[in-house]
Each structure stands twice: as C-alpha cells, then as structure tokens.
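Fit the two chains together into the complex; they arrive one by one in their own frames, and the hints show the way.
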Amino acid sequence: MNKLRLFTFLLLAGLLMIESCKKDTIVGTAYTTKPFQANINGSVWAPDTISNTITYNSTNKTKTFVLEGTEAQKQVIMTVILNNASNTPGFAIGTYNVDASSVLINYNTQVLQNGQYVFLPHGTVSAGSGVIIVSSVDSVAKKITGTFNFYSRSSDPNGDVTVDNILGGEFTNLPYTFTSN
Amino acid sequence: MYSNNIKKIFTTISIAFLAFVATNVHAQDENPVKSYFGFFGGVSNPMGDFKSTDYYNNKSGFGKRGLTYGLDGAFYFHKNWAIGASITYQDNGELNQANADSLAAGYTNSYNADQATVTATKRYQTVNILLGPQYTFQKGKFLLDLRASAGIIKVFSTPETNTLLSDVPQQTALFYQRSASATVLGYSGTAALRYRLSENVFLTLRGAYLYSPGPSITNQYRDISLGRLVTKQPFNTINTTIGLNFGL
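For the protein sequence lines, the chains are A and B, in the order given. Every letter in the first sequence is one number past the one before it in the numbering used here, and letter 103, counting from 1, is 103. Every letter in the second sequence is one number past the one before it in the numbering used here, and letter 123, counting from 1, is 1123.
Here chain B stands alone, though its shape is the one from the complex (with noise of 0.2 Å):
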C-alpha cells in the first residue's frame, strides 16, 4: 500500500516533468519565473509504520488523516533555480475507541492480566520548517515546482496513554506512555503545480512528502516491560494542499 502510493507520486511526478521539460525550454527565457510567497491549507496522510495500528509493532503510531496548513515561499536566484521555504503546521489526530480497545486487548494478552484499561489523551502536532533548493519548470499559465528540503520538525504533543492491569501482581502500578513535546530533524520532498489566475496570483496543488525519525517517548512507572513499548515515534506522511501564491 505504501510503496504503491510512493509509486503513483512518483510516477505523476515523472510524467510532469518530462513534459515539461520536451515542450516548454525557450519559454523558460523569455519569462524568468518570479519569487513568490503564499498559504495553503489540505489533508495530512499518515504512511507506513505511522500509520499502522499494529500492537505488536513498537514503531505503530496510529495517526491519522488531519488537518494541515502552512506559509511557503521560494526566492530566485538564477533562473528557474530558487531556495524554497515553508513552515506547516499538521495534526495527525488522536487514538481512537478501536485503538484503545486494541491497545487494552494487547497488553491483557502480553500481561496475562485479567483486564487491561488504556486511557489515552492528546494528539499529533507539529510544525515544520524546512528550507531547500527548488527548480521550476514552466509551461503557459501552469508551473511545476520540484524542491527537496530539510528542517526541524517541532513537536508539540503525541498521543499519551496510561495503562491499569488487573491481577497482574508484578505491575500493579499505572503505567503512562507519555506525550512527547521535542524538536527534531525532517526531510521533505515536494511537487506543486501552480496555475497562474493573473500576473502575479497562482493557485497551487502541492504534495509533500514528509518523514522524521521522530520525538523519544518516554514511559513511566512501569515496573516489568512485557509487550508493546514504545521509545521512538517515527513520522511520515504525505499532506496534499491546494493554496495561493503571489508572485513578488
């Protein structure tokens, strides 16, 4: 399912570009691609192990399709050569019912416990920014920006979980996974087709590849670590955005 989805982008990206680049070399000259800054708003997508709602996989980390929105710009430099920017905020979401079932049906199972209670609180939330080169290729009224890009990713909160067992003598104890809150390294790769609506106002269709090794997780108050802990949360996703740019 992942890789398919990375193959699609890909290949979408790919397609794009050669047509660009077979039609559109004279036309680069004669319009010399103007700096611009703008907003946009879409849909964050959790991959893979982010995605994932596996309890006996200790990289799950159950996010969800959310919000993001963010500012971006990118400044020329030579030609269709420019440094891009953005700084985006996403939330993943929350654990559900069926998570927390799943959760509490693990952890009995792990603990032989009679009953598992798993409570969990908070979200995913964090800002991005994160600044690369980017190159622009032009066609009529439509441009293809491709821009690969680092940053920090600053993590406001993941979800947090606390965890009572019955009848497990060794681990009487509640025992919390907490929110984590750290800032952290990120690596984007980005694709967004802008439309030129007048001289300098673009709409723009944007897709951003995101992943991070993520935030350290702490847990407390366990007194014997028997199945699902988790001490790293990795990120990664892919948000789709429709916004406006405005050519400086």
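This is chain A alone, in the form it adopts within the complex (with noise of 0.2 Å):
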C-alpha cells in the first residue's frame, strides 16, 4: 500500500502544480497591410485615398513624382522632380534628401475655415528634415515601391513650436500613372 500512496501523492502534487500559473493577459497587435502606411506621432495612418504620378515634361525635360494620401483629416503630399530626364515611364531609384526644391514634402492637417473645411499647411517641411527613399520601380506594371520619413515644425502665434513626426512611412508596389506632355 505503500507504493499506492506514493502514487497518489504524486499525483495530486502534479495536479496542483500544474494547476497554478494561470491568469495571463495576452495581448495582441496587428496593424494594416494597406501599400501606403506611415506612423504620425505614435499611431498609424494609412490613406484611402490615394494620388500616384510621374509625369514627364518634354520642354524642361523633367520628370515629377508625386504621391499624395490624404485620411483622417491629414494629408501627405511627396514630390521628387528630376532634371535631365528621358522619356520614359520609370523612375531613378535613390535617396531623395528634402531640399525645399526639387524634392518637397507638404505635410498638411484638415482645419475650419470660414465654415468650411480645407487642409491647410502643418507648418514647415524644411530642407534636411525628412528623406523619400525610392527602392525600386517597375515601369512596366507601373508599379513603385519606397520608404520616407520626416518632421513638420510649426509655431503658433506664442512662438510654442509643435512637431508633428512621420515616421516608418513606405510605399510597396503602389501602382502609378505615367503621363508625358
């Protein structure tokens, strides 16, 4: 009998240890798929509504990337100009440092205004403050794919400055217009 109560010493001891350590909390996060995404100030933002072009111009021989995405009262528009360009539907894949000039981004929020809404500038998208990496570009599905980052400075009236960040933006296999005027 001796083995018989071992048995079920064991036994119950393994049920009981087993049955301790069990309250958790699980939490799980998944965020969008969607081939346009950024993160503005911590949450993501992923536009529905979406422009993609490259447009070429025969007289000053430049061709113009521009993407545009627009949701949750926020818009981002992001545009690269080459010079001495051809004519041809693809785009040079490289990194695009903001320079004010050929390479700009207007980061823009949706405000009230004389009863309407509009969007209007965030603030300032200044030289070096932001990057537009394009990775790759398939001129025959038309089809470009790229990542970008930056930050839009803005000041009120008081001189209190705010900083809006757009961080871990990408752009995959985002399907373009080419148009050649």
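Treat the hints as calculated values from the structure; they're not laboratory data. Each residue gets a CB set at the ideal place from its N, CA and C atoms; glycine is no exception. Errors might be hidden in some of the hints.
To be verified - Derived DEER-like restraints, expressed as beta-carbon distance ranges: (1) A:Gly115 with B:Leu1174: 30 to 36 Å; (2) B:Arg1222 with A:Ser136: 37 to 43 Å; (3) A:Gly128 with B:Leu1174: 28 to 34 Å; (4) B:Pro1032 with A:Val27: 58 to 64 Å; (5) A:Ser180 with B:Leu1174: 48 to 54 Å; (6) B:Ile1087 with A:Thr25: 29 to 35 Å; (7) B:Leu1229 with A:Thr172: 28 to 34 Å; (8) B:Leu1174 with A:Val163: 27 to 33 Å; (9) A:Val27 with B:Ile1087: 34 to 40 Å; (10) A:Thr25 with B:Lys1154: 20 to 26 Å.
As structure tokens, then:
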C-alpha cells in the first residue's frame, strides 16, 4: 500500500502544480497591410485616398513623381523632380533628401475655415528634415516601392513650437500613372 | 486529422473488444465484476473546431491541450452491466500570443482598420457530470469498461477578448467577446482498461471522448459586425487519463 500512497501523492501534487500559474493577459496587435502607410505621432496612418503620378515634361526635360495620400484629417504630398530626365515611364531609384526645391514634402491638416473644412499646411518641412527613398520601380507594371520619413515644425502666434513626426513611411508596389506632356 | 484520431480510437476499442469476447466467456461467470470507485488525472486534448485557430471559422475555439482530473465509479446491477458515473474537471487553456496576433490581423483586415489590438483573458474551465450504462469485459487481471454517457457540463469560463480598432469611424468603441458561464448538455463515450493490482485495487487507463454544443457567447459594444463573430462555442475533446480504482 505504500507504493499506492506514493502514487496517489505524486498524482495529486502534479495536478496541483499544473493548476497553478493560470490567469494571463495576452495582448495581440496587428497593423494594416495597406500599400501606403506611415506612423504619425505614434499612430498608424494609412490613406484610402491616394494619388500617385509620374509626369514627364518634354519642354523642361524634367520628370516629376508626386505621391499624395489623405486620411483622417491628415494629408501628405511628396514631390521629387528629376532634371535632364528621359521620356520613359520609369523613375530613378535613389535616396532623395528634402531640399525644399526639387524634393518637397507638404504635410497638411484639415481645419475649419470660414465654415468649410480645408487642408492647410501644418507647418514647415524644411530642407534636411526628411527623406524619400525610392527602392524599386516596375516601369512595365507601373508600380513603385519605397520608404519615407520626415518631421513638420509649426509655431503658433505665441511662439510655441509643435513638431509632428512622420516615421516608418512606406509605399509598396503602389500603382502609378505615367503622363508625358 | 480529427477523423484519423477517431478511427484509431475505434480500431483500438474494437480489437480489445473482440479479444475479450473471444477468450473470456466462462471467466465472467466465475468471477463477477465488482462495483468500484476511483480517481484519475491526465490530459484533455481539444479536437476539430474546438482546437481550430482559424479566424474565419466562427466555431474555432483555440482550445489547448490541458489538465483533466476527476472521480469515477460504477455500480453493477446485473452481471457485467453497470451504471457508471464520473465528475471531471478539465482545462483547455487560454489564447496564446500567436492566437491574439492572428485575431488582431483578422480584425484589421475585416474592418479595413489601420491597427487592431486584441486583449485576451480567461480560459476554458469546465466540470462535467456524466452518467450512463457500462459493460465490462474481463480476462485474467484485465478488465475493459465501455460506457456511453450523457449529462451536464458546467462551464466556469471561456476565453474573453476585447478589441480596439484604429481609424474605423463606424466602430470606435472597444468591443467584447465575453467569457461564458453556463450549464450545458454533454455527451461522452469512454473506454477504460483496468489492471488488477490487488484484490480490490485497479490501475486504470482511460480514454473519454466528449462533445457538447457548448455555451452561448455574448458580444458587446459591436456597432458593426464584420469578420469573426462567435455566438456559440462547441466543445470537442478526448481526455486520456490514468488513475486508481477501488472495488467495493
């Protein structure tokens, strides 16, 4: 009977040990897989309204890539202008630093003005405050992939400065239209 | 996978049944089976939809292998025929990190959200009280008990989730799939192989299949229902246990 008692004891001890450590809280998070998105001040921003174009100007021999997204009262417009470009539907891959002339980013927020909601610049995305990286271009399927990040600085009449950080931006196989003028 | 397991169980039971019937007709009359009681412990294995982790299947239970233990007994009223009863606790776990991530990804897609955060708490915990007829075959020191039973399942809790979506104007509120607490019907088929350690003590290996239509699930604060929506959670398990039985 001693063996039986030992077996019983071990069985009950095992059950009690397994019964401990029970109440956990598990948190799972997932983010959108939309092809154009960024993180604005810590929140995911993935625009549903998108305009993506590459335009060749034969007079100036420039090619302009403009990617615009609007969502949740925020609007991002990125512009990259290539000089001495060729009239082809592709775009040069590379790292384009914001310089406020040929590489521009406009960051607008929606405000109520004269009874109407309009998008106005949040502040200034000045030279050196952002980058757009074009990592691949499929000129046949007309899809472009890249990343971006920048910050926008604004100040109110009291001189108080606020900075919006737009980080981890990406556009992945985003379709574009090509126009030659 | 599920049907293969069922086939294996029935094949095993059938072989054992035939072996006992073929070799042990006279022995039963010489050595009548005694009523008994005992206890057992082991593993509860979720099956089918209860085990499934498919976001798009509303019956998926995300059930886990867990602990089970309980008391069991049988009263023999005519030769090898008995009424058997058991009371069993079983735990089929909680959502793990992969499950919570999977649900969050599913809701993100279903609601076209920018982000979804799913917080999961609580776990499957039930006590089953089942009763039914039993027939016992015996050969030498071995006895095989086959039992079909039905009864009630007291559900103490099921996993609870709350979900927060980002950038979905139609669903700004945190919505809940509440933990269930209810008493529901359950059905079971059991095969137990007992080995006689002494005159009145048996070591018992036991396999019990359990099915229940399960409790209703309450969902709260869901302004629009897109994607996964669980309104009832069926249970489906096979419990494999070892224990000791004592003859009366």
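(Q) Hint by hint, where does the structure go against what was stated? Just the numbers, ascending. (A) Hint 3 alone not satisfied by this model.
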